[in-house]
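Input sequences plus hints: build the corresponding full structure.
Following our numbering, the numbering of the sequence shown begins with 162 at its first residue and continues without gaps.
Please keep in mind that the hints were generated in silico from the structure rather than gathered at the bench.
The reader is advised that the hints may include incorrect statements.
Claimed, not checked - For lysine-lysine, the following DSSO-like pairs were computed, each having C-alpha atoms within a straight-line distance of at most 27 Å: (1) K215 <-> K192; (2) K203 <-> K192; (3) K203 <-> K315; (4) K337 <-> K315; (5) K192 <-> K337; (6) K243 <-> K215; (7) K192 <-> K243; (8) K229 <-> K203; (9) K243 <-> K203; (10) K229 <-> K243; (11) K215 <-> K203; (12) K215 <-> K229; (13) K229 <-> K192.
Unchecked claim - Derived Cβ-Cβ restraints for the label pairs, each shown as a range: (14) Y221 <-> A245: 23 to 29 Å; (15) A190 <-> E263: 28 to 34 Å; (16) A317 <-> E232: 30 to 36 Å; (17) T321 <-> K192: 44 to 50 Å; (18) A190 <-> S357: 16 to 22 Å.
Don't be surprised by glycine CBs; every beta carbon is placed ideally from N, CA and C.
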Amino acid sequence: MIQAVIFDLDGTLMDSEILWVQALQRAYAEKGCRIPDDEARKLVYGKAWSDIYKNVDERYPGHYPTIKLAEPVTERHFLALKAATDIRIHSSIALLRRLAGEFPLAIVSGSTRGTIRTSIVEMGVEDEVCLFLGTEDYSPGKPDPAGFVMAARKLAVPTTECLVFEDSEAGVRAAKACGMFCVALQQPGRPPQDLSPADLILPDLAQFNLDALDT
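Below you can see the structure in the form of structure tokens.
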């Protein structure tokens, strides 16, 4: 029986991953490093940021001495790109609002707490989200279930009674690793990922019906 709901942020509530791709490219371009579009997408989509920076540094070493130096530059470019477009996934946000009327609701993301906080305000769901966890709050990142386990503990709900909405292979694997029910959002035109472990896969969360989930 579902007692709590957890949403991912990037790619699930905010269509932000392509902007993160561009932000990463611009951050490294500042150092004279060009990352091709296809490679940048493969590096970013569905990955935890700790893994993204590690993989970029292995492929393009020496441009940023530490992850901590790359993060604020990438985030600066992301915020500039985001200011120019509406990246909210409105059908997902509508579902969040609906479910928040029935269950305690959290966001668990690989983004920073600052980015999550700003996104919550932009989505207008400050009253609906009772807890959010960012990359600073848990380790290791997805596909390890640490973030989801921490959220369940803070919500005082067993992991097996949580429902997760995700869009990435890593996120789905993390949710299933701790026994959570998982609905995967697979929007058209995104890089292919293996979302098959999810309990349900949908192209739009407007189609979600709690009764359709075999709990």
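task: Could you check the structure against the hints above and give me the numbers of any it violates, in ascending order?
output: 3, 5, 15 and 18
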